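Sequences and hints are given; from them, build the entire structure.
Going line by line, the protein sequences match chains L and C.
Using the numbering used here, you'd call the opening residue of the first sequence number 10 and step up by one each time.
Using the numbering used here, you'd call the opening residue of the second sequence number 10 and step up by one each time.
If you are wondering where the hints come from, they were derived from the structure by calculation, not from laboratory data.
Keep in mind that this is a model prediction, so the values were computed, not measured.
Keep in mind that a hint or two might mislead.
Repeated chains share a single entry, so a pair holds when one copy, or any two copies, can fit it.
Taking lysine to aspartate or glutamate and the EDC-like style, the derived pairs with C-alpha atoms no more than 16 Å apart in a straight line are [as the list claims (entries may be wrong)]: (1) Lys191 x Glu69; (2) Lys199 x Glu172; (3) Lys96 x Glu589; (4) Lys458 x Asp635; (5) Lys139 x Glu346; (6) Lys667 x Asp700; (7) Lys613 x Glu671.
Number of protein chains: 2
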Amino acid sequence: MPCCGKNRGEDGNQSEDERDITSRLEDQQQLINNSSGDAEVSEDGLINTGMLDTISQKYESLDYDTNFNSLLLDEVRSRGYKFVVRKDVLRWVVMFFVGILTALVACCIDISVEEGSKIKYGFLSWLTEKGVTDNALWMPYLSWVGLNVVPIMFGSFLISYIEPVAGGSGIPQVKCYLNGVKVPRVVRIKTLVCKAVGVTLSVLGGLAVGKEGPMIHSGAVIAAGISQGKATSIKVDTKTLPFFRQDHEKRDFVSGGAAAGVAAAFGAPVGGVLFSLEEGASFWNQALTWRILFGSMTSYFTLNMVLSTYRGYTGQLSNGGLLNFGSFENATYDYYEIPLFLIMGAFGGLLGAIYNHINYRLTVFRMRYITKPWLKMLEAMMVAAVTATAGFLMIYLISDCKSIGNDPTENPIQMYCNDGEYNVIGAIWFQTPEQSVRSLFHDPPGSHKMLTLGLFSVVYFLLNCWTYGLSISAGVFIPTLLTGAAFGRFFGTVLATLLPEYFGTQHGKYALLGAAAMLGGVVRMTISLTIILIEATGNLTYGFPIMVVLMVAKWVGDFFNEGLYDIHIQLAGVPLLGWEPPPLSATTYASGIMSYPVVVLNTKQKVGEVMEILKSTTHNGFPVVDNPMTSSITGKPSLGKLRGIILRSELIIMIQHKIYSELYHEWEGKLNIGLFRYAYPRYPDIDQIQDQVTPEERQYTLDLRPVMNPTPPTIVHATPLPQVFRLFRAIGLRHLIVTNDESEVVGMVTRKDLARYKVELQDGRVERTTMHITEQVE
Amino acid sequence: MPCCGKNRGEDGNQSEDERDITSRLEDQQQLINNSSGDAEVSEDGLINTGMLDTISQKYESLDYDTNFNSLLLDEVRSRGYKFVVRKDVLRWVVMFFVGILTALVACCIDISVEEGSKIKYGFLSWLTEKGVTDNALWMPYLSWVGLNVVPIMFGSFLISYIEPVAGGSGIPQVKCYLNGVKVPRVVRIKTLVCKAVGVTLSVLGGLAVGKEGPMIHSGAVIAAGISQGKATSIKVDTKTLPFFRQDHEKRDFVSGGAAAGVAAAFGAPVGGVLFSLEEGASFWNQALTWRILFGSMTSYFTLNMVLSTYRGYTGQLSNGGLLNFGSFENATYDYYEIPLFLIMGAFGGLLGAIYNHINYRLTVFRMRYITKPWLKMLEAMMVAAVTATAGFLMIYLISDCKSIGNDPTENPIQMYCNDGEYNVIGAIWFQTPEQSVRSLFHDPPGSHKMLTLGLFSVVYFLLNCWTYGLSISAGVFIPTLLTGAAFGRFFGTVLATLLPEYFGTQHGKYALLGAAAMLGGVVRMTISLTIILIEATGNLTYGFPIMVVLMVAKWVGDFFNEGLYDIHIQLAGVPLLGWEPPPLSATTYASGIMSYPVVVLNTKQKVGEVMEILKSTTHNGFPVVDNPMTSSITGKPSLGKLRGIILRSELIIMIQHKIYSELYHEWEGKLNIGLFRYAYPRYPDIDQIQDQVTPEERQYTLDLRPVMNPTPPTIVHATPLPQVFRLFRAIGLRHLIVTNDESEVVGMVTRKDLARYKVELQDGRVERTTMHITEQVE
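What follows is the structure in structure tokens.
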């Protein structure tokens, strides 16, 4: 929803019997109606689906600033220091449970996938051997296709029909949430269920997917649910923890949940903390970070304990159990390898940029043509069938045989190999992508032929690229690591062939660095990824090469396009704010980016007038001003001095609970901050409550002063954009009021006003572009 | 310096011939003079040295907000995008050199200490053996005392006479700097030299000290020097990188330098990044963090390379060379050990609290009575002699013998042991504390007797406590780790004696956890310490126990007092701002904490008037207002509408370069932002330049508008303290102007106004206290 008149507003259905509202209101209405003509469309008159420079209307902002209204101050005064301590202790308790529950969900996914794939690939390898013997290879082939398509059908159904926001890896959604964008339904229980079940089915369906992104998203949902003490989807409200029902408190927990998810997905508690910070935090807070680390350590510990027990390591906590990429023995590297690392990084960045470009075109195609749920399901099932076909063809056509015993693989198939040998391709395909990554990292030198690795990396690259963005719940980390590991191992094998005395036994290292390069090139994360890879391989020695490779990959990739998550976020039209203001924006002033005119309210306003404004605008925040008639000393028309800001939700709650001045005796003592917290975060719509207000009550007065935020942050109109940006970002604002010298409201800056402004550089010229704001983008 | 009149101002020497300044100025002067009577003293009329609730006048703030004045905008307009890119590339280049130079300084310290102690302790052990044979033990004893006292004499001379700010570990100073406090001379070349040479002498002097803190401080100085392209102490100004001559740019580099120092000191690049963030960062910035990681990785790599080469490991980068605590083989722990970890943590927290209390009393004693430099030197030399005596007595009195070959030690002494055996105590004392820590972590089970360990930990605890705060350059990390390791190993030995089947071989692990507990109890850092210890031991497995131990130690310690660094910062009266506003401060408003009245300037003001104001006040920022005579529409007296803020330094530069309106033709085209940057950070005093201004020039006009910051952040007087605090902290402000509804300046909030306000809780009552502001505190 836009905040201000300049943005595209909706025409209100102004009924004839409401003619008694003030003329100022009418003027405002007029302004809103006029400005609807501004709606931006592409040259051919249609909203151009799949443009990178659109911002969707459907995303609202979260509000991380505290409203220090008199109700809050009453609470502070009356509840005292014990309340502060109690809240603080409860924050730790909540984080503890977030860690445990996240780990348990991760365990369920993990064990289901492990057991399911054991059965699936065991059956398939048995069937393949039988098919070779019986000369009936159609049997294993069709079974493979079937065993891929059926789980994907169910998994895709969950996403296409039940909860689309649970699709994909979940990392972009969590990133947006932490950035301050309210992504609808992203932290609901239903989303969690679809996500967790969906990702299990996706991995079982044999696609080029991982379960790590969804685990991170799951952690975020769990944190949101526990911290609020309620889950509206399943109609549970424990009525506990009401003081955490604020955007900024909830966001802190969601950061912790995401970190716990990373800890569970990669066995990387520190990586989890850094992930939360890299993706979300704007103001670093020591106590919060410490709680996040506590949550992710708890998650790591719980997961480790459960999986250790499940896999039969009892008692000892430190070994076994943990999901990781295996540790490297005798890890070492030499000076002369550093140029090779640079080359690998550059190549990874290039591959990543190509990947992102292909996926971008594909996503735009999907947005334009694959819009029906059944079409989405069909595409997912098709990819599942093609994946099986590609695997089968590779196994059938390439005869890369190795003697059994040299290489640890669970389901060796012989195919056309000699007795005592097994098909290497089969060993790669007949396991989950994660197990394949581990094979490529740790298989002894000479396990794979160059041709096999080269072909596999190309095929997997394409499959991976096609898979991401399907209507299924699936992460992109693991398949990208697998593609990169194959290409890295290919590189290592080439080196070993050329210079066997130097690189004869370095395959695993190059597989690891290839994986890092490819992942860095695709997602362009750097700090957290370095730590995650270090923690997942349990090896600090490779920290420096991994960092070099990731850095070069990011630089090279950034030369061509943006990271995969950012591309998807832009395509979805999310008004994400970066870390820094756009370059060269210092010569642009707040007056140039703000929305105006602004719909304002008086400190005391008739109920009917407020309802009319709520119905006729879609704004979320309304500056509250002194009655303008009394303050125009200069004789010029004036909007009145700023007294505060009030949110739509607060007005709705006031109307719903009939907090009218005339009924003071009825709500006296009832008006407290809890009223607003219990309704959080899903407030009723004005249409839902308007019938509760009698015509007589419409003439009553709403006194906004106890509820409004009396000291909202403001800027003057001459403030340069970088300063506006930093203030907005550092404090985590939703609305920033622009005033003139007389403290009169002249405009409002919202997230969309900042997000839609960027400096574009073309052919050496500096161009200022504003993005299109549209409601068409899904 | 205070910013505003309510603080203690200095009386100006107002000369008689200046009577033509406006009456407003006189009023302001009057206010300033009156308010000097407010100076706060203790009840007995004396400034109470060693109070925890004082704020010293000598600390100024750094300014991390950007002044978007028209000169900056001119630069942005004229230099374009290439300038942005160039600055960004240069930031990376600077960080690269910071990493390399920090590592080289660390290498010098490291190698000097290593070679020096090899000679010293080799000689001493030879002399001891000779003394036992000749029955002349006074010989090794006196030599030991001499070899301790002489280096300490030189080391202490450097700090007592040449550069006191180079004393101690340097971490509190860096912490204050990153927090936004300008600690005088903290990032100068002279400080670096004293620090580096001083710490080498301190470690060689055999005190209970480490070299890690000083390495961190060294990194910070190096970063400040390189990024500014000049070193005023040695009169070098390369005139390059002028655009980095701003507080916020410099601070970013100093963060990176500190991180590089941690990386070099502990071999912990990630720990370095987290240290910088935990201690300093307020607004987390992805690009900055990434550069910090790059700097610390470079430092780690360089140090590793140099030390590897020095120690004869050639070629391979990954092993050897690095300063660390050795890696733990077969690291593991069991469920039932978790309660033991909790107990260790609690005990460490308790010990830490006792340590901090003793050291606090000692520091107050020192502040009151050991004030002369020669006394400081004498105390340091005395501690050196006592340390040697304590070590000698332990070796002489306790006969803890072990057979040679069971335990790796460089300088075994036999003393009264049998042939083929060596004295264990001697082995601990005849090496640097760092090597002793490694011995306690990795000596095989049974190397040390319980009595030895117990006695050693008590003796070392006391020595360590006495040593910290001496007038020498020395860190507290390593001796605290050593104390903790001894106590932890004692604990482990007790467990092994009681339950040999469970804890027979766990001594090293308990030594590590004991070290963590003690360090956590003393310094109360958590996140970065966890990572530093993980990286320094090269072991991820113990991450969870280390975290548990650190957390419990912090909680227990915080129950009694604050961390060691914080105590020293408070004693020094530094106005440090915490992460969060004081609890329950929401009911306090900006009007209650601001300084007022404020000395303001007009947009155009006579040179003589400005000089008079600069001489008669010590303020650093002056709000610029419209001429108040023209704006008082309401008939009430008014201070004029806020137009901007100008800094003392900017006024001085304007006067120095004669930027007077009447001389426009002379400076036209010369006035650019470079003028202000080249003078940064040491601007001349007003007394130094007043003779350059002729009486005629005093009548000329200064037009402040092109130089002042036209859009300073402002708040209204009713803003609650937490909101003021967050704004101040998140943006990194130095001055925050308080206005009324009419945009008139009514007050000013500075760092000291916020720092001196805290909520104190006594006997369940909430008390609001303000700190004393004093100039007496050193």
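Tell me the numbers of any earlier hints that the structure contravenes, in ascending order. Violated hints (numbers, rising): 4, 5; every other hint is consistent with the structure.
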